[in-house]
Amino acid sequence: MTLADITHDVVVAEEDVLRADLYDLLAALLAKPPTRDLIDRVAKLDGDDGELGRAVRALTSLARATTEAAAEREFNRLFIGAARGELLPYASYYMTGFLHEKPLAVLRNDMAQRAIERAPNVFEPEDNIASLCEMMAGLILGRFGEPATLAGQKDFFSTHIAPWAGHFFADLEAAKASVFYAPVGAIGRAFMEIEREAFRMGA
Amino acid sequence: MSDDKAATSRRDFLKLASVTAPAVAVVAVTGAGTAEAAGARESGSGGYRRTEHVEKYLESARF
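Listed in order, the protein sequences are those of chains S and C.
The numbers in my numbering rise by one with no breaks, and the one at position 74 of the first sequence is 74.
Take any residue in the second sequence, note its place counting from 1, add 1000, and you have its number in my numbering.
For reference, chain C alone in the conformation it holds in the complex (with noise of 0.2 Å):
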């Protein structure tokens, strides 16, 4: 199968399977805001902070 042909079925399959529904777009929620391009901000260590979920996690992996 070409590429182009592979990109075309690719592209009626998530049709049929709805993903393309209009509706489900309407949400349209621009991101948890968990994740960020590198360098986004200017400085932070990205290190854990011990707050009481990060205690109850730790706790669960048995750290």
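If we strip away everything but chain S, and leave its shape as in the complex, we get (with noise of 0.2 Å):
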């Protein structure tokens, strides 16, 4: 991608693609294991000397380091488990302490003013972490529509994501059973410190 990316004939600057490009790459890391192709393309990022460049380069080495199975085992671990994963990245699980709770409903009411639906293969509640970040970059990029102005971002990330995900993704980083996710949950982290920088400044 280049300067912008045209999207409804709508044109989406630059840094909006590629926060929405970040977002799709959490979205994707933390839905479901990764496939060989997707570690085989986060071993050629790269970072510069920040802290989400950090954490961006400790991914790429380690994705250089793992392999498939290795990188299910861990999901499953992190997300699955026996009885339940080590970790429950959901909203609704953070914001109250029980999974189900009023924050999946305020969600899913602002998901239908929004005409975004779960997809049809997904049974996990939408307000799992990488649902939010996939419907973050859908926001930005206008696959919902029309792109969501700076303002409808914000009252989004706002109201179902920056109460949370931080104190989610800080959790990834340190869990027991991340080595491939622990620098998964530093880049988040700092992306959501920036997200919410970045809101204050300019919605």
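Worth flagging that the hints you see were computed from the coordinates, not collected in a lab.
Where hints are given, some of them may not hold.
Derived BS3-like pairs (lysine-lysine); straight-line CA-CA distance at most 25 Å [to be verified]: (1) S/Lys-154 - C/Lys-1005; (2) S/Lys-32 - S/Lys-44; (3) S/Lys-154 - C/Lys-1015; (4) S/Lys-44 - C/Lys-1015.
Each pair of labels, with its calculated beta carbon distance range [stated by the list, open to error]: (5) C/Lys-1005 - S/Thr-159: 22 to 32 Å; (6) C/Asp-1004 - S/Asn-76: 42 to 52 Å; (7) C/Gly-1033 - S/Arg-64: 23 to 33 Å.
All figures in this text were calculated on a predicted structure; none of them were measured in a lab.
Beta carbons: idealized from backbone N, C-alpha and C, even for Gly.
Once you've looked at the hints, go ahead and assemble the two chains, each given alone in its own frame, into the complex.
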């Protein structure tokens, strides 16, 4: 992608396309165990010396070393488990201590208003971190209709993501089962801080 | 601060924070496929199906 991504004849600014890419990357890594193809693409990333860039470089090194099977075992220990995974990456759980609580109801209401639906092959509640990241990317790029305004993105972020995602990503970074996923947690945590600060400035 | 100035400082901030590092963009993953625009599919109830994963989830939710 070069200067701008054109979706629905609306030009999305370069920095917003890149925010969407980062949300899509997090969504892809957190929705299901990474495929070899995804691991190989992650292995080609690079980063600068900022907090986000260092985390990206750490992930890149691990992507070069890991196997698909190892990454899948790690994903399962973290999110599936024998009884349950080490982490429960749901807004309801982080915000209330229980699953299927009011934050999920509020999200479903918001999704209906924004004409977003859960995909038919997905069985998880919509307030999981991967879906929320994917929805942010879709709102930025206009996958659900027109791209959301910055104010619209900020509303969605502030209501459904900002209250808990930073805590989740910090937990992911520190989780016992995390190796490949530790820098994913670091990337998410750094990115959530950047988003929070950027929304404070711009919307 | 005017809207224009706010937008500029936001853009500058995002650039400094290296969200715009070109390297991050090369992955270009298109969506995890968990959410879609309403009406994008023709049918489907959207209800839960009782897969093993859902069973575990419901158990942990103490339903």
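Problem set entry | Pair hint S/Lys-154 and C/Lys-1015, alpha-carbon separation not exceeding 25 Å | 19 Å, holds
Problem set entry | Straight-line alpha-carbon gap S/Lys-44 to C/Lys-1015, limit 25 Å | 21 Å, holds
Exercise. Quick one: are C/Gly-1033 and S/Arg-64 within 23 to 33 Å, going by C-beta?
Worked result: 26 Å, holds
Problem set entry | 22 to 32 Å as the expected CB spacing between S/Thr-159 and C/Lys-1005, which holds or is violated | 27 Å, holds
Exercise. Can the restraint linking S/Lys-32 and S/Lys-44 be considered satisfied, given a maximum Cα separation of 25 Å?
Worked result: 20 Å, holds
Exercise. Do the alpha carbons of S/Lys-154 and C/Lys-1005 lie within 25 Å of each other, as the hint requires?
Worked result: Roughly 18 Å between the alpha carbons, so the hint for S/Lys-154 and C/Lys-1005 holds.
Problem set entry | S/Asn-76 and C/Asp-1004 - C-beta distance against the hinted 42 to 52 Å | Hint holds: Cβ distance 49 Å, inside 42 to 52 Å.
Violated hints are absent here; each numbered hint is respected by the structure.
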